[in-house]
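Protein chains in written order, with our numbering: chain Y, 1 to 279; chain R, 1 to 279; chain Z, 1 to 279; chain C, 1 to 279.
Incorrect hints may appear among the rest.
No copy labels: a pair is met if it fits in one copy or bridges any two.
[Unchecked claim] Lysine-lysine pairs mimicking PhoX-like chemistry, simulated, CA-CA at most 25 Å apart: (1) 263 x 199; (2) 91 x 148; (3) 66 x 19; (4) 44 x 19; (5) 19 x 244; (6) 76 x 66.
The set of hints was computed from the structure by calculation and includes no laboratory data.
Number of protein chains: 4
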Amino acid sequence: MEQRILLTECDDANGLIAKITNQCGLFSYNIVHQDQFASTETNKFFMRSVLEGDFTYQNEFLQSIKCIVPENSNVKLVSRDKKRIAVLVTKEAHVLGDLLMKSFAGSLDAEIIMVVGNYPDLKELTEKFNIPFHYISHEGISREEHEKRICEVLDTEDLDYIILAKFMRILTPTMVAHYPLGKLINIHHSFLPSFIGAKPYQQAYDRGVKLIGATAHFVTNDLDEGPIIEQDVIKVGHRYDATKMAKAGRDVERLVLVRALNKVLNNKVFINGNKTVVF
Amino acid sequence: MEQRILLTECDDANGLIAKITNQCGLFSYNIVHQDQFASTETNKFFMRSVLEGDFTYQNEFLQSIKCIVPENSNVKLVSRDKKRIAVLVTKEAHVLGDLLMKSFAGSLDAEIIMVVGNYPDLKELTEKFNIPFHYISHEGISREEHEKRICEVLDTEDLDYIILAKFMRILTPTMVAHYPLGKLINIHHSFLPSFIGAKPYQQAYDRGVKLIGATAHFVTNDLDEGPIIEQDVIKVGHRYDATKMAKAGRDVERLVLVRALNKVLNNKVFINGNKTVVF
Amino acid sequence: MEQRILLTECDDANGLIAKITNQCGLFSYNIVHQDQFASTETNKFFMRSVLEGDFTYQNEFLQSIKCIVPENSNVKLVSRDKKRIAVLVTKEAHVLGDLLMKSFAGSLDAEIIMVVGNYPDLKELTEKFNIPFHYISHEGISREEHEKRICEVLDTEDLDYIILAKFMRILTPTMVAHYPLGKLINIHHSFLPSFIGAKPYQQAYDRGVKLIGATAHFVTNDLDEGPIIEQDVIKVGHRYDATKMAKAGRDVERLVLVRALNKVLNNKVFINGNKTVVF
Amino acid sequence: MEQRILLTECDDANGLIAKITNQCGLFSYNIVHQDQFASTETNKFFMRSVLEGDFTYQNEFLQSIKCIVPENSNVKLVSRDKKRIAVLVTKEAHVLGDLLMKSFAGSLDAEIIMVVGNYPDLKELTEKFNIPFHYISHEGISREEHEKRICEVLDTEDLDYIILAKFMRILTPTMVAHYPLGKLINIHHSFLPSFIGAKPYQQAYDRGVKLIGATAHFVTNDLDEGPIIEQDVIKVGHRYDATKMAKAGRDVERLVLVRALNKVLNNKVFINGNKTVVF
Numbered sequence: 001m002e003q004r005i006l007l008t009e010c011d012d013a014n015g016l017i018a019k020i021t022n023q024c025g026l027f028s029y030n031i032v033h034q035d036q037f038a039s040t041e042t043n044k045f046f047m048r049s050v051l052e053g054d055f056t057y058q059n060e061f062l063q064s065i066k067c068i069v070p071e072n073s074n075v076k077l078v079s080r081d082k083k084r085i086a087v088l089v090t091k092e093a094h095v096l097g098d099l100l101m102k103s104f105a106g107s108l109d110a111e112i113i114m115v116v117g118n119y120p121d122l123k124e125l126t127e128k129f130n131i132p133f134h135y136i137s138h139e140g141i142s143r144e145e146h147e148k149r150i151c152e153v154l155d156t157e158d159l160d161y162i163i164l165a166k167f168m169r170i171l172t173p174t175m176v177a178h179y180p181l182g183k184l185i186n187i188h189h190s191f192l193p194s195f196i197g198a199k200p201y202q203q204a205y206d207r208g209v210k211l212i213g214a215t216a217h218f219v220t221n222d223l224d225e226g227p228i229i230e231q232d233v234i235k236v237g238h239r240y241d242a243t244k245m246a247k248a249g250r251d252v253e254r255l256v257l258v259r260a261l262n263k264v265l266n267n268k269v270f271i272n273g274n275k276t277v278v279f
Numbered sequence: 001m002e003q004r005i006l007l008t009e010c011d012d013a014n015g016l017i018a019k020i021t022n023q024c025g026l027f028s029y030n031i032v033h034q035d036q037f038a039s040t041e042t043n044k045f046f047m048r049s050v051l052e053g054d055f056t057y058q059n060e061f062l063q064s065i066k067c068i069v070p071e072n073s074n075v076k077l078v079s080r081d082k083k084r085i086a087v088l089v090t091k092e093a094h095v096l097g098d099l100l101m102k103s104f105a106g107s108l109d110a111e112i113i114m115v116v117g118n119y120p121d122l123k124e125l126t127e128k129f130n131i132p133f134h135y136i137s138h139e140g141i142s143r144e145e146h147e148k149r150i151c152e153v154l155d156t157e158d159l160d161y162i163i164l165a166k167f168m169r170i171l172t173p174t175m176v177a178h179y180p181l182g183k184l185i186n187i188h189h190s191f192l193p194s195f196i197g198a199k200p201y202q203q204a205y206d207r208g209v210k211l212i213g214a215t216a217h218f219v220t221n222d223l224d225e226g227p228i229i230e231q232d233v234i235k236v237g238h239r240y241d242a243t244k245m246a247k248a249g250r251d252v253e254r255l256v257l258v259r260a261l262n263k264v265l266n267n268k269v270f271i272n273g274n275k276t277v278v279f
Numbered sequence: 001m002e003q004r005i006l007l008t009e010c011d012d013a014n015g016l017i018a019k020i021t022n023q024c025g026l027f028s029y030n031i032v033h034q035d036q037f038a039s040t041e042t043n044k045f046f047m048r049s050v051l052e053g054d055f056t057y058q059n060e061f062l063q064s065i066k067c068i069v070p071e072n073s074n075v076k077l078v079s080r081d082k083k084r085i086a087v088l089v090t091k092e093a094h095v096l097g098d099l100l101m102k103s104f105a106g107s108l109d110a111e112i113i114m115v116v117g118n119y120p121d122l123k124e125l126t127e128k129f130n131i132p133f134h135y136i137s138h139e140g141i142s143r144e145e146h147e148k149r150i151c152e153v154l155d156t157e158d159l160d161y162i163i164l165a166k167f168m169r170i171l172t173p174t175m176v177a178h179y180p181l182g183k184l185i186n187i188h189h190s191f192l193p194s195f196i197g198a199k200p201y202q203q204a205y206d207r208g209v210k211l212i213g214a215t216a217h218f219v220t221n222d223l224d225e226g227p228i229i230e231q232d233v234i235k236v237g238h239r240y241d242a243t244k245m246a247k248a249g250r251d252v253e254r255l256v257l258v259r260a261l262n263k264v265l266n267n268k269v270f271i272n273g274n275k276t277v278v279f
Numbered sequence: 001m002e003q004r005i006l007l008t009e010c011d012d013a014n015g016l017i018a019k020i021t022n023q024c025g026l027f028s029y030n031i032v033h034q035d036q037f038a039s040t041e042t043n044k045f046f047m048r049s050v051l052e053g054d055f056t057y058q059n060e061f062l063q064s065i066k067c068i069v070p071e072n073s074n075v076k077l078v079s080r081d082k083k084r085i086a087v088l089v090t091k092e093a094h095v096l097g098d099l100l101m102k103s104f105a106g107s108l109d110a111e112i113i114m115v116v117g118n119y120p121d122l123k124e125l126t127e128k129f130n131i132p133f134h135y136i137s138h139e140g141i142s143r144e145e146h147e148k149r150i151c152e153v154l155d156t157e158d159l160d161y162i163i164l165a166k167f168m169r170i171l172t173p174t175m176v177a178h179y180p181l182g183k184l185i186n187i188h189h190s191f192l193p194s195f196i197g198a199k200p201y202q203q204a205y206d207r208g209v210k211l212i213g214a215t216a217h218f219v220t221n222d223l224d225e226g227p228i229i230e231q232d233v234i235k236v237g238h239r240y241d242a243t244k245m246a247k248a249g250r251d252v253e254r255l256v257l258v259r260a261l262n263k264v265l266n267n268k269v270f271i272n273g274n275k276t277v278v279f
């Protein structure tokens, strides 16, 4: 039996669950798992239904759902196929390394189509796994020109998500606007909104915090202000300087990104204003 | 607008979500929140639906749901009223103390109707909060006679749950059978199934573990083998002897019990064989 | 055998551990436990030595240590007696309640000498435990006058620490300066430095964070900027509004404060610039 | 300035800290960091001192320390050089993959000298990182013969530690006895002592636990009973079957092993009877 995931995002209204699940029944789809949320803040309704059945008439099914839900809805029926991702990096290996290893071991629900770096440092590592690495230096060219070259390479492929895996460049509004909201995902090396911007571990050391963290979020024009998908922290103490914090932080960075990605790749994340709904 | 919670527990079948949510719509109940789970292991279906609306015809609604679900189902429509609980204790104050304080502060969705102790140690503490304390000593009488006296006191009140808050006596099958499964809840001072039985902290120390824990579970005839509701752990190290572990463990014991209770008191816990479904 | 704790805080220098431990040997004190830290940032040395022996000549011992360490050192030999604390509160019961309960159960290494509230709400709870409650309203008087009255009451007793247990007033520099740094301890209901100031849970909700936290810190003139003693977080999600976050946050607030206090009351915390050393 | 670590393990006695730190002073070694523990259970004393200075006369220094401590002591002065390790594997890639990646990124204080597998599955992955992989099948030969061949390969190199990274074979007492206690380190995929032996995730599922874990321990003859170095857990729930638990458990397995290794590789772990002291 095949599985598809029905994703519903619309203005909240009475009876939505009943109407949609009814329709699933009419098409003989079994609901394996379902989660829903109505946001009182935005008055939006979100539902993720894992359906099992024969999807020969999936277009008709989707059409019938669209007739049920309010106007301006976003309804999709997606397969469980692996998503296609690109990874942007600078010099640090740990997040990319984790993605490569999980992809190699078959435990990441995505295929890494390419890696793009503004330094060549991670070329060797990437190519060990037979994945193309594009080295696009930012030196000697404008920020706009640099991003243009990156986008040109990225846009040669059909990508579901672009992951900034410790890509130590701040994207311009032009590049952010080049992709739909939700396509660019960043891992930030602090427990946002603490220590926004540069050198968060130095900031954390200077403040004398007892926990450091990481935040995976969708990228928007506001630096480090995009909708948060996942966060976690680890304990530090008086024996940690900024360097030791950075080293300790690597494990939480890669774990948080992978956890966020697992949710995103399984279509469990909706964007709700500047927040996320994570089923 | 009033809220009620519809609890459905039945053999799994196709279309249950649609049929039940449809019926909610026919009675103009808005589904504020819903969670469901179909167990492939027991072939049982569990659903918890928080409904909002006018419940004048709630009996007719419940009757209509019962016509929809398979035979031998367990369907209930419960209010959000505070549950009525009794607490069984021995000498340790921390779990009872936490329940009393949370109840006093209004952050426990239950009313503590009485406390029963086989020692008088916690009488003073209980009565500070104007709650009746029944001291029923086990000395000089048989286990059966002791339990009989306890049950007699408990049964003078209509109770939803009986909490064993570090009640250091093993219940006989007779007392366990005296109550329906799901009514007796115990906090065990170890991360079950490690260290079943007596002196778990001494066992933990002897083994040299680096984490100790606590487990809240429903009571069955098999000692420390009932369905687990909630567990948690804390770090210990080589500087902890059994006494220090016991002291450190108190915080996790009371937290785990309170978390389990919050779930149970809000009707979020179903028993599924020897396991639980916790929404 | 009696135990005392030797606390050494001085400019770092070579051979300090050897010299001090030697002196302990000359007075036949056994070192049960010792921890030390040299801060490269402030060039300060901190050591906590738990000594066992006969302390008849403790003054001579302390004098001999003072001859060894650099000038301007802070050396103390303290007993393991319970510390004397006062608690400042407003209306929320959970932190005070936890302190009262732990004190009653004998698991807090402090005696609560008094509770002072700017509202009368927690008088009943405090007096259940036979502890004096002083209601000092801030209404109709200046901030300075209010604090003056509070300090007058506090200063009638010899106190080791003053705990702000959800005392929802910002202290003036005058009151802060009235006590030595390290005597005032606050629990802040956010994971500092996120959400400094008022309504941190509302701020957290608005930002859509996935973790909320609490911070125990020494009070200084800079609002929420004093040296951090202890922090922790708990997970929240899209179903939490600010009120639900506040409710969930209570458990982490009281746990963090109690953990910080346990460290402070056992003389395990040193202040090092705007940070802490926590052994 | 060079650093060396002085490791002292001996019967407990009065004045050990003073005598040893004095000696450090006489040789003009600065004590950068020191931790010590006296076990009341075994009456053993453990100390780890990080020394900084000129180690030209290190033999004389070590000799002088040996004259100070009780007989039958174990005193070592070790460098901060990377340790040399071998990794034993079967088919699962995640633990080995993490070690390879951390070693490649320079964040593991060890050099992986070789990998030995009883299946060829991880040969390709290992060789990507230019590390020799020895495939030694267990098929068609006795357990003793298989282990003999493994030991022969291992013994061609000078190794500090041998890591069982999901090596799914139970070692015979002969192989265990072939190496000194403390050289063989295993990662067990459960929170020991829960679920000793085979298929711990299936056992965990059957019991309905709400947390699953991993344990890193030194290998002894008693299956899964060796001294525990590090443990951790993650939350699971009713939606996890044994397979999903195993998948979720992989992250905690590799994290626990790497954390244990970091401690061991930095000489922070002592064996104390069937337990460990972890500084």
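Here is how each hint holds up against the structure:
Within a single copy, residue 263 and residue 199 get their C-alpha atoms no closer than 28 Å, and across copies no closer than 27 Å, so neither meets the 25 Å cut-off. Proximity of residue 91 to residue 148 under the C-alpha cut-off of 25 Å is restricted to the intra-copy arrangement: shortest distance 20 Å within a copy versus 43 Å between copies. When the C-alpha separation of residue 66 and residue 19 is checked against a cutoff of 25 Å, the pair qualifies both within a copy, at 11 Å, and between copies, at 20 Å. In this homomeric assembly, residue 44 and residue 19 come within 25 Å of each other (Cα to Cα) both inside a single copy, at 16 Å, and across copies, at 24 Å.
In this assembly of identical chains, the alpha carbons of residue 19 and residue 244 never lie at most 25 Å apart, being 55 Å within a copy and 30 Å across copies at closest. For a Cα distance limit of 25 Å, the shortest separation of residue 76 from residue 66 inside one copy, 9 Å, qualifies, whereas the shortest one across copies, 34 Å, does not.
Hint violations for this structure: numbers 1 and 5, all remaining hints satisfied.
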